[in-house]
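Peer 1: Sequence:
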Amino acid sequence: MSLSTNLLKNEEYLSIVRKIERMHFITDGKWDWEHGLGHYKRVSEYTKEILSQLQVDDRTIELAMFASLLHDIGLSKGEKIDHATESVKLSRKFIENVQVTETEKEILYQAIGDHSSGTHIASFVGLSLLLADKLDVTYHRTENSTIQDKINTEIQKIKKVRIQITDTELIVIYNTENDFDISILKEWKKMVTIPKKVAEYLNLQYKFILNGKEVEYDSILMFPGYQKKVEMRI
Numbered sequence: 227m228s229l230s231t232n233l234l235k236n237e238e239y240l241s242i243v244r245k246i247e248r249m250h251f252i253t254d255g256k257w258d259w260e261h262g263l264g265h266y267k268r269v270s271e272y273t274k275e276i277l278s279q280l281q282v283d284d285r286t287i288e289l290a291m292f293a294s295l296l297h298d299i300g301l302s303k304g305e306k307i308d309h310a311t312e313s314v315k316l317s318r319k320f321i322e323n324v325q326v327t328e329t330e331k332e333i334l335y336q337a338i339g340d341h342s343s344g345t346h347i348a349s350f351v352g353l354s355l356l357l358a359d360k361l362d363v364t365y366h367r368t369e370n371s372t373i374q375d376k377i378n379t380e381i382q383k384i385k386k387v388r389i390q391i392t393d394t395e396l397i398v399i400y401n402t403e404n405d406f407d408i409s410i411l412k413e414w415k416k417m418v419t420i421p422k423k424v425a426e427y428l429n430l431q432y433k434f435i436l437n438g439k440e441v442e443y444d445s446i447l448m449f450p451g452y453q454k455k456v457e458m459r460i
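FYI, in my numbering the residues of the sequence shown are 227 to 460.
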């Protein structure tokens, strides 16, 4: 049985998750995005997709999916500030009691601790968790928010986010409602800056596609606009 499957049957873990799901995390009075099990599972699937495209071994994928389920549990402390560090602390009780090597433990702790900002990408586990966390920006995250401001209502228009990694490019693909206002990316820059950072780490070109049209990176955080039509093979 996989690490993730076992964790999802752990009542202590599920109790922590349920506590988080009862909370609303407000940053600067703007948003309270969903940070519960739905988010963890979607991030886990993104890490699997990312690492499968990078053709890494099955064990690395298993570790990444496991880390994804643990990456935000520090929010149970009641605030978002330093939640990655708190998640590392809280995840120890689960990581220390499963069949992982000492090296794998360090990989897991480092990945969880670095997942928010990506200041020190040190493994494929950390890279995939960092990127996957920022790909989970579909309607699921804000449809139940207590704050329905401009950002949250626009996020609800993002129906699907996909990732395509080739030998030369890292491509993030958004499918949204037609009236989606791309200017909200200026309000949560990590949606575009983190994928670009990961692309640079992998020595790949970064490409952002919105509803089948490429948007130039330099324009996204200023006055975003559609650029050339591109053919996608998805």
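To be clear, the hints were calculated from the coordinates, so they are not data collected in a lab.
Note that the coordinates shown come from a computational prediction; the quantities given were computed from them, not determined experimentally.
From the three backbone atoms N, C-alpha and C, an ideal C-beta is built for every residue, glycine too.
Honestly, I wouldn't trust all of these hints.
Stated by the list, open to error - Computed spacing ranges between beta-carbons, pair by pair: (1) Arg318 / Thr231: 18 to 24 Å; (2) Asp407 / Thr327: 43 to 49 Å; (3) Gln431 / Thr231: 32 to 38 Å; (4) Gln281 / Thr372: 40 to 46 Å; (5) Lys412 / Gln390: 33 to 39 Å; (6) Glu426 / Thr311: 34 to 40 Å; (7) Lys315 / Leu447: 43 to 49 Å; (8) Asp407 / Asn323: 45 to 51 Å; (9) Glu322 / Asn401: 19 to 25 Å; (10) Lys412 / Thr327: 20 to 26 Å; (11) Asp393 / Gly304: 26 to 32 Å; (12) Lys235 / Thr372: 28 to 34 Å; (13) Arg318 / Leu447: 19 to 25 Å; (14) Ser228 / Thr394: 30 to 36 Å.
Claimed, not checked - Taking lysine-lysine and the DSBU-like style, the derived pairs with C-alpha atoms no more than 30 Å apart in a straight line are: (15) Lys319 / Lys274; (16) Lys319 / Lys245; (17) Lys376 / Lys412; (18) Lys315 / Lys331; (19) Lys245 / Lys331; (20) Lys331 / Lys383; (21) Lys385 / Lys267; (22) Lys315 / Lys245; (23) Lys303 / Lys331; (24) Lys376 / Lys319; (25) Lys331 / Lys274; (26) Lys422 / Lys386; (27) Lys235 / Lys383; (28) Lys439 / Lys386; (29) Lys303 / Lys416; (30) Lys315 / Lys439; (31) Lys376 / Lys331; (32) Lys303 / Lys235.
Peer 1: Would you mind marking each hint as holding or not holding in the structure?
Peer 2: Against the structure, the hints come out as follows:
Separated by about 20 Å at the C-beta atoms, Arg318 and Thr231 satisfy the suggested range of 18 to 24 Å. Checking the proposed 43 to 49 Å range against Asp407 and Thr327 shows it holds: the Cβ atoms sit about 47 Å from each other. Distance hint for Gln431 and Thr231: a CB-CB separation of about 36 Å, consistent with the stated range 32 to 38 Å. In this structure, Gln281 and Thr372 meet the distance hint of 40 to 46 Å, their C-beta atoms being roughly 42 Å apart.
Separated by about 24 Å at the C-beta atoms, Lys412 and Gln390 break the suggested range of 33 to 39 Å. The beta-carbon spacing between Glu426 and Thr311, approximately 25 Å, falls outside the hinted interval of 34 to 40 Å. Against the hinted window of 43 to 49 Å, the Cβ-Cβ separation of Lys315 and Leu447 comes to about 34 Å, which falls outside the hint. Hint check: Asp407 to Asn323, Cβ distance near 46 Å, so the stated range 45 to 51 Å holds.
About 41 Å separates the C-beta atoms of Glu322 and Asn401, a value inconsistent with the hinted range of 19 to 25 Å. At roughly 43 Å, the beta-carbon separation of Lys412 and Thr327 lies outside the given 20 to 26 Å, and the hint is violated. Taken as a hint, the range 26 to 32 Å is violated for the pair Asp393 and Gly304, whose Cβ atoms sit roughly 45 Å apart. For the hinted restraint 28 to 34 Å between Lys235 and Thr372, the CB-CB distance of approximately 31 Å keeps it satisfied.
The beta-carbon spacing between Arg318 and Leu447, approximately 37 Å, falls outside the hinted interval of 19 to 25 Å. Between Ser228 and Thr394 the beta carbons are some 32 Å apart, a value that agrees with the proposed interval 30 to 36 Å. About 24 Å separates the Cα atoms of Lys319 and Lys274, which keeps this hinted pair within 30 Å; it holds. This hinted pair checks out: Lys319 and Lys245 have alpha carbons roughly 17 Å apart, not beyond 30 Å.
A threshold of 30 Å between alpha carbons decides the hint, and for Lys376 with Lys412 the separation of about 12 Å falls inside it, so the pair holds. Between Lys315 and Lys331, the direct Cα distance comes to roughly 12 Å. Compliance with the 30 Å bound is thereby established for this hinted pair. For the proposed pair Lys245 and Lys331, the alpha carbon gap of about 25 Å is at most 30 Å, so the pair holds. Note on Lys331 and Lys383: the hinted pairing is violated, with a Cα-Cα distance of about 38 Å set against a maximum of 30 Å.
Among the hinted pairs, Lys385 with Lys267 is consistent with the structure: their alpha-carbon atoms are about 17 Å apart, no more than 30 Å. Among the hinted pairs, Lys315 with Lys245 is consistent with the structure: their alpha-carbon atoms are about 17 Å apart, no more than 30 Å. Between Lys303 and Lys331, the direct Cα distance comes to roughly 23 Å. Compliance with the 30 Å bound is thereby established for this hinted pair. Note on Lys376 and Lys319: the hinted pairing is violated, with a Cα-Cα distance of about 39 Å set against a maximum of 30 Å.
Taking the CA atoms of Lys331 and Lys274, the gap is about 19 Å. The hint holds against a cut of 30 Å. Only pairs whose Cα atoms come within 30 Å are accepted, and Lys422 paired with Lys386 is accepted, the gap being roughly 19 Å. Distance restraint check for Lys235 and Lys383: the Cα-Cα separation of roughly 33 Å exceeds the 30 Å cut-off, and the hinted pair is therefore not satisfied. For the hint pairing Lys439 with Lys386, the CA-to-CA distance comes to about 15 Å; that is within 30 Å, so the pair holds.
For the given pair, Lys303 sits about 24 Å from Lys416 by alpha-carbon distance, which is consistent with the 30 Å threshold. This hinted pair does not check out: Lys315 and Lys439 have alpha carbons roughly 42 Å apart, beyond 30 Å. Of the pairs offered as hints, the one joining Lys376 and Lys331 is violated, with about 40 Å between alpha carbons and a cut-off of 30 Å exceeded. Proposed proximity of Lys303 and Lys235 is supported: the alpha carbons are some 22 Å apart, at most 30 Å.
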